[in-house]
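Peer 1: Sequences are here, hints too, so could you generate the full structure?
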Amino acid sequence: MKLLQNIGKYTLMLTMVFTKPKKWKIFLSRLINELENIGISSLPIVALMSTFIGGVIALQTASSMSNPLLPKYTVGYITQSSTILEFSPTIISLILAGKVGSNVASEIGTMRVTEQIDALEIMGVNSLNHLVLPKIIAAILFFPVLIIFSMTLSMLGGWMALMITDLTTTETYVLGLRAFFNPFHITYALTKTVVFGFLIVSVSSFYGYYVKGGSINVGQASTQAVVSSSVAILVANLILTQLLLLS
Amino acid sequence: MIEVKHVMKSFNGQQVLSDINHQFETGKVNLIIGQSGQGKSVLAKCIVGLYEVDEGQILFDGRNFTDMERFERSQIREEIGMLFQGVALFDSLTVEQNIMFPLTMFTNMTKGEMQKRVDFCLDRVNLSGRNKLFPAECSGGMQKRIGIARAIAMNPKYLFCDEPNSGLDPKTSIVIDGLIKDITAEYNMTTVVITHDMNSVIEIGQNILFIHQGKKWWSGDKDSILTTDNPEILSFVYASEFMKEIRSIMQEKRT
Ligand SMILES: Nc1ncnc2c1ncn2[C@@H]1O[C@H](COP(=O)(O)OP(=O)(O)O)[C@@H](O)[C@H]1O
Ligand SMILES: [Mg+2]
Numbered sequence: 001m002k003l004l005q006n007i008g009k010y011t012l013m014l015t016m017v018f019t020k021p022k023k024w025k026i027f028l029s030r031l032i033n034e035l036e037n038i039g040i041s042s043l044p045i046v047a048l049m050s051t052f053i054g055g056v057i058a059l060q061t062a063s064s065m066s067n068p069l070l071p072k073y074t075v076g077y078i079t080q081s082s083t084i085l086e087f088s089p090t091i092i093s094l095i096l097a098g099k100v101g102s103n104v105a106s107e108i109g110t111m112r113v114t115e116q117i118d119a120l121e122i123m124g125v126n127s128l129n130h131l132v133l134p135k136i137i138a139a140i141l142f143f144p145v146l147i148i149f150s151m152t153l154s155m156l157g158g159w160m161a162l163m164i165t166d167l168t169t170t171e172t173y174v175l176g177l178r179a180f181f182n183p184f185h186i187t188y189a190l191t192k193t194v195v196f197g198f199l200i201v202s203v204s205s206f207y208g209y210y211v212k213g214g215s216i217n218v219g220q221a222s223t224q225a226v227v228s229s230s231v232a233i234l235v236a237n238l239i240l241t242q243l244l245l246l247s
Numbered sequence: 001m002i003e004v005k006h007v008m009k010s011f012n013g014q015q016v017l018s019d020i021n022h023q024f025e026t027g028k029v030n031l032i033i034g035q036s037g038q039g040k041s042v043l044a045k046c047i048v049g050l051y052e053v054d055e056g057q058i059l060f061d062g063r064n065f066t067d068m069e070r071f072e073r074s075q076i077r078e079e080i081g082m083l084f085q086g087v088a089l090f091d092s093l094t095v096e097q098n099i100m101f102p103l104t105m106f107t108n109m110t111k112g113e114m115q116k117r118v119d120f121c122l123d124r125v126n127l128s129g130r131n132k133l134f135p136a137e138c139s140g141g142m143q144k145r146i147g148i149a150r151a152i153a154m155n156p157k158y159l160f161c162d163e164p165n166s167g168l169d170p171k172t173s174i175v176i177d178g179l180i181k182d183i184t185a186e187y188n189m190t191t192v193v194i195t196h197d198m199n200s201v202i203e204i205g206q207n208i209l210f211i212h213q214g215k216k217w218w219s220g221d222k223d224s225i226l227t228t229d230n231p232e233i234l235s236f237v238y239a240s241e242f243m244k245e246i247r248s249i250m251q252e253k254r255t
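So the sequences go chain by chain: B and A.
With this note's numbering, the residue at position 35 of the first sequence is 35, and numbering never jumps.
With this note's numbering, the residue at position 184 of the second sequence is 184, and numbering never jumps.
Since the hints were made in silico from the structure, they are not lab data.
Wrong hints could be hidden among the right ones.
DSBU-like cross-link-like pairs, simulated, lysine-lysine; straight-line CA separation at most 30 angstroms [what the hints assert, rightly or not]:
no.: 1; chain 1: B; residue 1: K22; chain 2: A; residue 2: K157
no.: 2; chain 1: A; residue 1: K45; chain 2: B; residue 2: K22
no.: 3; chain 1: B; residue 1: K25; chain 2: A; residue 2: K132
no.: 4; chain 1: A; residue 1: K215; chain 2: B; residue 2: K212
no.: 5; chain 1: A; residue 1: K116; chain 2: B; residue 2: K23
no.: 6; chain 1: A; residue 1: K216; chain 2: B; residue 2: K212
no.: 7; chain 1: B; residue 1: K25; chain 2: A; residue 2: K181
no.: 8; chain 1: B; residue 1: K23; chain 2: A; residue 2: K132
no.: 9; chain 1: A; residue 1: K222; chain 2: A; residue 2: K157
no.: 10; chain 1: B; residue 1: K20; chain 2: A; residue 2: K111
no.: 11; chain 1: A; residue 1: K45; chain 2: A; residue 2: K171
no.: 12; chain 1: B; residue 1: K25; chain 2: A; residue 2: K111
no.: 13; chain 1: B; residue 1: K23; chain 2: A; residue 2: K222
no.: 14; chain 1: A; residue 1: K116; chain 2: B; residue 2: K25
no.: 15; chain 1: B; residue 1: K22; chain 2: A; residue 2: K132
Below, a sample of chain B positions facing chain A; criterion: calculated Cβ distance under 8 angstroms [stated by the list, open to error]:
no.: 16; residue: K22
no.: 17; residue: K23
no.: 18; residue: I26
no.: 19; residue: T114
no.: 20; residue: E115
no.: 21; residue: A119
no.: 22; residue: E121
no.: 23; residue: I122
no.: 24; residue: G124
no.: 25; residue: V125
no.: 26; residue: L245
If you anchor each label on the Cβ, the simulated ranges turn out as follows [as the list claims (entries may be wrong)]:
no.: 27; chain 1: A; residue 1: K215; chain 2: B; residue 2: I32; range: 47 to 57 angstroms
no.: 28; chain 1: B; residue 1: K20; chain 2: A; residue 2: M68; range: 31 to 41 angstroms
no.: 29; chain 1: B; residue 1: K99; chain 2: A; residue 2: K171; range: 39 to 49 angstroms
no.: 30; chain 1: B; residue 1: Y10; chain 2: A; residue 2: S36; range: 32 to 42 angstroms
no.: 31; chain 1: B; residue 1: F181; chain 2: A; residue 2: Q97; range: 29 to 39 angstroms
no.: 32; chain 1: A; residue 1: Q75; chain 2: B; residue 2: L246; range: 35 to 45 angstroms
no.: 33; chain 1: B; residue 1: N217; chain 2: A; residue 2: G129; range: 33 to 43 angstroms
no.: 34; chain 1: B; residue 1: K20; chain 2: A; residue 2: E241; range: 38 to 48 angstroms
no.: 35; chain 1: A; residue 1: A136; chain 2: B; residue 2: K20; range: 25 to 35 angstroms
no.: 36; chain 1: B; residue 1: L238; chain 2: A; residue 2: Q35; range: 55 to 65 angstroms
The beta carbon of each residue, even a glycine, is placed where N, CA and C say it ideally should be.
Peer 2: Structure representation (structure tokens):
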């Protein structure tokens with residue numbers, strides 16, 4: 001029941017978010033801010049996670065390569081396909097749900113409990129449109145960039161790990177990366193990414209915007225935002241995979 | 001003039017405002033007074049539409065705000081300035097950007113014109129040159145004055161101030177009260193000030209509404225509030241020993 005009510009309220013919220021900004025100039029400067037705040041500032045954590053996990057994927061694959069029938073380039077191939085299909089779009093999005101989601105929910109929640117949202121409304125500003133739309137657009141624009149960046153670094157991380165441990169040669173690894181490469185997988189991954197970015201920011205804004213009370217409630221809302229947007233990502237992942245890869 | 005007609009408001013079954021009828025007059029500082037938790041802020045938020053009233057109507061110079069659609073309301077809201085109980089400055093923006101915000105949003109002023117207006121408003125609240133500070137770098141009294149500067153940036157017809165001098169020392173309070181009184185007269189605004197500070201009542205009260213238990217308990221001007229026998233008013237006005245003393249001196253003088 002509560003879930004259905006929340007979904008209804010969330011949908012209503014989106015109809016207020018997706019209206020024409022009053023002044024495009026203000027929207028644009030807010031958008032640039034949010035690109036920085038949501039996008040650029042996530043680059044370091046994405047880089048760190050991707051390099052290390054890419055390295056681990058490559059090493060794990062290499063360590064289970066005892067079967068001599070498997071071609072040597074399997075390591076590269078597995079690293080490439082698991083990175084593109086699942087690790088970068090989904091796992092990195094889940095990590096971003098933690099970082100971006102809590103940030104968005106606590107920022108908007110604080111504005112709510114300190115009456116800054118009331119102050120916007122009283123001026124006649126559509127506060128949802130003013131606050132949330134630039135965040136959503138920034139996420140939709142920048143999440144694909146983050147994910148492509150992650151894919152690149154993950155495969156680079158794999159290569160570095162293999163070089164350090166001397167398990168294979170660069171040529172074999174690169175051969176594997178290019179083997180059975182399916183460009184549609186990139187489309188699939190980026191489609192997922194855009195949806196996940198949208199979900200993270202909109203769900204987290206929802207929890208921040210409708211918070212009541214004080215700073216304790218803002219803290220709870222931001223935890224709730226991370227949990228709910230992670231669940232939303234997992235569900236959407238299942239649905240999108242079904243739709244895009246299996247039909 | 002703002003007319004409040006038969007306004008009712010409850011939250012989750014708890015009646016907060018019952019049948020409020022009142023007129024806030026143009027060119028005057030209208031006060032809403034009463035103890036904490038009696039519904040003063042809720043009344044102000046109902047008037048400006050941050051809360052929907054359950055019943056009743058709000059009229060801004062005859063325009064029925066309650067029945068308006070969102071779009072029509074936002075036009076009236078451009079004529080409203082409000083200082084919130086917690087000031088509610090945008091903390092990610094500088095003082096100057098806070099005051100400029102409504103101007104960039106709702107006018108087609110050039111950068112230069114806006115700058116001029118910002119400087120004028122800051123000067124009006126005696127804060128010239130503080131343009132580049134962030135709200136967190138300002139004292140409580142400064143924040144209230146910046147809040148007032150933002151509220152008057154658009155030359156509002158209606159000004160609401162929710163406890164403009166709570167948490168301030170008496171001297172700063174008097175400065176703020178004087179400021180509100182002056183700008184109200186200067187621009188012939190309809191000003192509504194919420195307060196529970198007797199000093200302000202005596203300083204600036206012209207048309208006073210006393211709210212008790214969510215009802216309009218009493219209304220009148222500052223002279224009659226000192227002489228009424230209404231027991232709730234008496235216990236509100238003469239809460240402190242100091243005020244009790246004044247009352248006895250006044251009564252002695254009269255006899
Ligand atoms: N958003 C709200 N939800 C539920 N109850 C509220 C809300 N806002 C105010 N109230 C209640 O209404 C009453 C009056 O509050 P308020 O108008 O803020 O008092 P004050 O006269 O001190 O400004 C209080 O009992 C408060 O708990
Ligand atoms: Mg109050």
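Peer 1: If a hint holds in the structure, say so; if it doesn't, say that too.
Peer 2: Hints and how they fare:
1. For the proposed pair K22/B and K157/A, the alpha carbon gap of about 22 angstroms is at most 30 angstroms, so the pair holds.
2. Straight-line distance between C-alpha atoms of K45/A and K22/B comes to about 24 angstroms, which keeps the hinted pair within the 30 angstroms bound.
3. Annotation: proposed proximity of K25/B to K132/A holds, straight-line Cα distance about 22 angstroms (limit 30 angstroms).
4. The straight-line distance between the Cα atoms of K215/A and K212/B is roughly 26 angstroms, inside the 30 angstroms bound, and the hint therefore holds.
5. A distance of roughly 21 angstroms separates the Cα atoms of K116/A and K23/B; the hinted pair therefore holds under the 30 angstroms criterion.
6. The suggested pairing of K216/A with K212/B holds, with an alpha-carbon distance near 28 angstroms, which does not exceed 30 angstroms.
7. For the given pair, K25/B sits about 36 angstroms from K181/A by alpha-carbon distance, which is inconsistent with the 30 angstroms threshold.
8. Distance hint between K23/B and K132/A is fulfilled; the C-alpha atoms sit about 24 angstroms from each other, no more than 30 angstroms.
9. At most 30 angstroms may separate the alpha-carbon atoms for a hinted pair to count; K222/A and K157/A meet this at roughly 24 angstroms.
10. Between K20/B and K111/A the CA atoms are separated by roughly 23 angstroms; this keeps the pair inside 30 angstroms, and the hint holds.
11. At roughly 28 angstroms between alpha-carbon atoms, K45/A and K171/A fall within 30 angstroms of each other, so this suggested pair holds.
12. In summary, the hint linking K25/B to K111/A is supported, as the alpha carbons are separated by about 13 angstroms, within the 30 angstroms threshold.
13. A hinted pair counts as satisfied when its Cα atoms are at most 30 angstroms apart, and K23/B with K222/A does not qualify at roughly 45 angstroms.
14. Among the hinted pairs, K116/A with K25/B is consistent with the structure: their alpha-carbon atoms are about 20 angstroms apart, no more than 30 angstroms.
15. Under the criterion of a C-alpha separation no larger than 30 angstroms, the hint pairing K22/B with K132/A is consistent with the structure, at around 26 angstroms.
16. Annotation: interface hint on K22/B holds; nearest CB of chain A at approximately 6 angstroms, less than 8 angstroms.
17. With 8 angstroms as the threshold, the beta carbon of K23/B comes within range of chain A, its nearest partner Cβ sitting at about 6 angstroms, so the hint holds.
18. Taking 8 angstroms as the C-beta contact cut-off toward chain A, the hint placing I26/B at the interface holds, the least distance being around 6 angstroms.
19. Checking T114/B against chain A by beta carbon gives a least distance of about 6 angstroms; that is within 8 angstroms, so the hint holds.
20. Given hint, E115/B at the interface with chain A, holds; its Cβ is 4 angstroms from that chain's nearest Cβ, closer than 8 angstroms.
21. Because the smallest distance between the Cβ of A119/B and any Cβ of chain A comes to about 4 angstroms, under 8 angstroms, the interface hint for this residue holds.
22. Because the smallest distance between the Cβ of E121/B and any Cβ of chain A comes to about 6 angstroms, under 8 angstroms, the interface hint for this residue holds.
23. Interface restraint check for I122/B: the shortest CB-CB distance to chain A comes to about 5 angstroms, inside 8 angstroms, so the restraint holds.
24. The beta carbon of G124/B is positioned within 8 angstroms of a beta carbon in chain A (closest approach about 4 angstroms), and the interface hint is therefore held.
25. A cut of 8 angstroms between beta carbons decides the hint on V125/B: the least distance to chain A is about 6 angstroms, and the hint holds.
26. The closest approach between the C-beta of L245/B and any C-beta of chain A is roughly 42 angstroms, which is over the 8 angstroms cut-off, so the hint fails.
27. A hinted range of 47 to 57 angstroms for the beta carbons of K215/A and I32/B is consistent with their spacing of about 51 angstroms.
28. For the pair K20/B and M68/A, the beta carbons lie near 20 angstroms from each other, so the given range of 31 to 41 angstroms is not met.
29. Checked against the hint of 39 to 49 angstroms, the C-beta distance between K99/B and K171/A comes to roughly 47 angstroms, which is consistent with it.
30. Separated by about 35 angstroms at the C-beta atoms, Y10/B and S36/A satisfy the suggested range of 32 to 42 angstroms.
31. At about 49 angstroms, the CB distance of F181/B to Q97/A disagrees with the hint of 29 to 39 angstroms.
32. For Q75/A and L246/B, the hinted distance range of 35 to 45 angstroms is not satisfied, since their beta carbons lie about 52 angstroms from each other.
33. The supplied range of 33 to 43 angstroms is met by N217/B and G129/A, whose beta-carbon atoms lie about 38 angstroms from each other.
34. One distance hint, 38 to 48 angstroms for the beta-carbon pair K20/B and E241/A, is violated here, with the actual separation near 59 angstroms.
35. Separated by about 33 angstroms at the C-beta atoms, A136/A and K20/B satisfy the suggested range of 25 to 35 angstroms.
36. Between L238/B and Q35/A the beta carbons are some 56 angstroms apart, a value that agrees with the proposed interval 55 to 65 angstroms.
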